[in-house]
Amino acid sequence: MGLDDTAGLERLSSVELVCRARDGNRQALDHLFARYLPVLRRWATGRLPFWARDLVDTDDMIQDTLVRTFRSVEAFVPRHDGAFAAYLRQVLDNRIRDEVRNATRRPRGDEISESRAGSEVSPLEAAIGGEALRRYEGALGRLSEDDRALVLSRIELGLGFAEVARATNKPTADAARMAVRRALVRLATEMDHE
Amino acid sequence: MSDRREDPESLAGRVAEGLPVDWEEAIRSAPDERERRIVRHLRLVESLGRVYRGAESKSEAREDTLDATTTLNPVAGLSDPLPPIGTWAQLELREKLGEGGFGEVYRAWDRRLDREVALKLLKTEESKNHSVASQVVEEGRLLAKLHHPNVVAVFGAEVHDGRVGLWMEFIRGRSLEQVLSEHGPFGAREATLIGIDLCRALAAVHGGGVVHRDVKGQNVMREEGGRIVLMDFGAGLDVSGREHTAQMHISGTPLYMAQETIRGEPATRQSDIYSLGVLLYRLVTGSHPVEATSWSELRDKHSRGETRLLRDVRSDLPEAFVKVVERATAWNPSERFGTAGQMEQALTRALGVEASTPTIAKPARPRPVVVFGVAGLLAAAIVVGLFVVPALTRRTGSATGTYAVEAALYRNGADSGARERLEPGALLALQDHLTLEFKASVPLHVYVIDEDDNGHSYALFPLPGLEPRNPLAPGTTHVLPGSRDGAEQSWLVDSPGGREHLLVLASPTRLIEFEAEMNNLARAGQSAVPIPETTIARLRGIGGLADSPAASDGKPAERLFEMAKKIAARSEVVKGIWVRTIELENPRPKLRGRP
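As they're listed, the protein sequences go chains A and B.
This note's numbering numbers the first residue of the first sequence as 1 and each following residue consecutively.
This note's numbering numbers the first residue of the second sequence as 1 and each following residue consecutively.
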């Protein structure tokens, strides 16, 4: 790959980058990692129970998840990068659940049960409670694909409005700002239906 | 906050922007129950986003912040008996603890995370000073990334209602200055131990890119249970920003300041080290190396190098301790310790314990079970299991939080490469090679000792000349006793001892006194017993140790076991020390003839 290609990759959507990565373009793969690793790391930090995080290398898990997803993404044709990010989030969430299940099968000492029980929760559950988290997840799942991508991009992944706009095909950052705002109201309304 | 009612879309906009919301007011002013619920849902989403944003800044070093109190601290879930006297952001202010030129300090309750915190609120006028406000917030964020048991855990810093606030772990205990005024000067040993903890704290602070700027007795807490905690970074900022330019009466802090800082140069690691030296000086004397009652007098004395030498004030103190303090308080920054770690090493030496590779202090006599290394390989093993340990006090929250330990003892087939995990009570045999696999989620100081029914005892880890050394790096499975020149070593059972009692102890902090006791033990690899040629061939890696005589009367280990028990009993609540004993059968008749 030449330098011109590298510069051009910055402007490509994630979906296009995935296609190139599947064709063997290493730089496209690197770009995907650079684009998603930080946000997914941050996201996973909130999701992994503290004790499981001790046993699982978060970065390894995320990288492995990304590679697997990129390889099998033919079956998924997202409308935009925001939907792709939501897809990645779901895959990673499944992976975390698997890791947690595996970790709980490992042997442990008797006297740790009390402390272990206390650390079963993720930071999110600790902060807002398991019930509230399930309510949120349920409502999020019932939102439209666009609204879900908006909420995830801004609230969970912490993207700036310009990035949200790019990820969700909004013309401007202000348009993305308004869209997120309305999506949040719809999310809160949906949470009330739980 | 404004009294103007905000509808859900407006609130959603603030959530989207990451702006603060007065949720109590928003809920109160909602026109009906349904909208109140919607507002609460938005609040929940805002909390969720905050956790993700918090994870961004804390993921590297402060992952225990939520865990320490919300999951391990039973007290945290209880409602505070005192009614709130006000609110700031998500904090209910319970009690004013102090007030100074910079603002106030409160004991507060974090409603979102259900934990007690200490909140430092800058005064409104200070908060309006954009430079100071942004500095405090920025430094608070840096500190929130720090993770060290001797540094107060900072949970966050932000501007709310026009005031800058920094909230942190609430420590129950007394400042060193209070202890000093109540009980008089400290002894050299106690001051040294405190100094070692503070050196570690400073090393962590400096490693995080922060200079404390205000190390002094009032800013170091001795928590109930004994933990030494460095506090009060915000005050340091305040002081460094103003006091050294003012002509004012000296209130205490300037007496800890290095001459270059007093002259207006920026605070540095070396100026922190100077302040720590002054603190140690003060702990053992009740005074400061440079005493003055005004800035001009202080500057003059510094410029003339008028320092009261510690040896002149306390001629009874150990020379090694005096030298450490004098070097730390040297006038020229370049003559001070280059790093806090170097100062810690010097203090440790002053205590009579070598830093990472304790020396063998006593000659040994023949021992029934000796363990030492074999090149090449194979793990053998026993095991101890998987443990997760609550690390620090329930009463105050934790700077260390939960950590996980996996430890397993193995028997390695010397020639076959076979590897067997040993359970407690397993039968040992002569020539068994043992290794301990140890993995933890945080850096830990690990100690392994062995005692048999004959009263003979041995230090099995750490061993001089072997890698790894303490503290063991987290996230890696270490095979102990370690390796030398790349060749893995193992402990060798070279004689029957009845029953072997292995003690494995791990601590987030170094156990200086325990190490000192360990120095009285014979060490694995030392033996006056002739070693079979075949074994020697496999032991080339630590052959030098085999020549050293070793002696043990059994008493040191008994002390160590007792000490470990006490530490363990205490640690469940205070120190987060992990202790396990493993008993293995090593009877005389059954050992013979085992391959």
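Take the hints with a grain of salt, since some may be wrong.
Claimed, not checked - If you want a taste of the chain A side facing chain B, the calculated C-beta under 10 Å gives, among others: (1) Leu9; (2) Leu12; (3) Arg154; (4) Asp192.
Quick caveat, the hints were computed from the structure, so don't treat them as lab data.
Positions of the beta carbon are idealized from the N, C-alpha and C atoms, including for glycine.
Here's how the hints hold up against the structure:
1. Violation of the interface hint for Leu9 of chain A is found here, the shortest Cβ-Cβ separation to chain B being roughly 25 Å, above the 10 Å cut-off.
2. Annotation: interface hint on Leu12 of chain A violated; nearest CB of chain B at approximately 25 Å, more than 10 Å.
3. Interface hint status for Arg154 of chain A: upheld, as the beta-carbon distance to the closest one in chain B is roughly 6 Å, under 10 Å.
4. Residue-level restraint check for Asp192 of chain A holds (minimum Cβ-Cβ distance to chain B is 5 Å; threshold 10 Å).
In terms of the numbered hints stated before, the structure departs from hints 1, 2, listed from lowest to highest.
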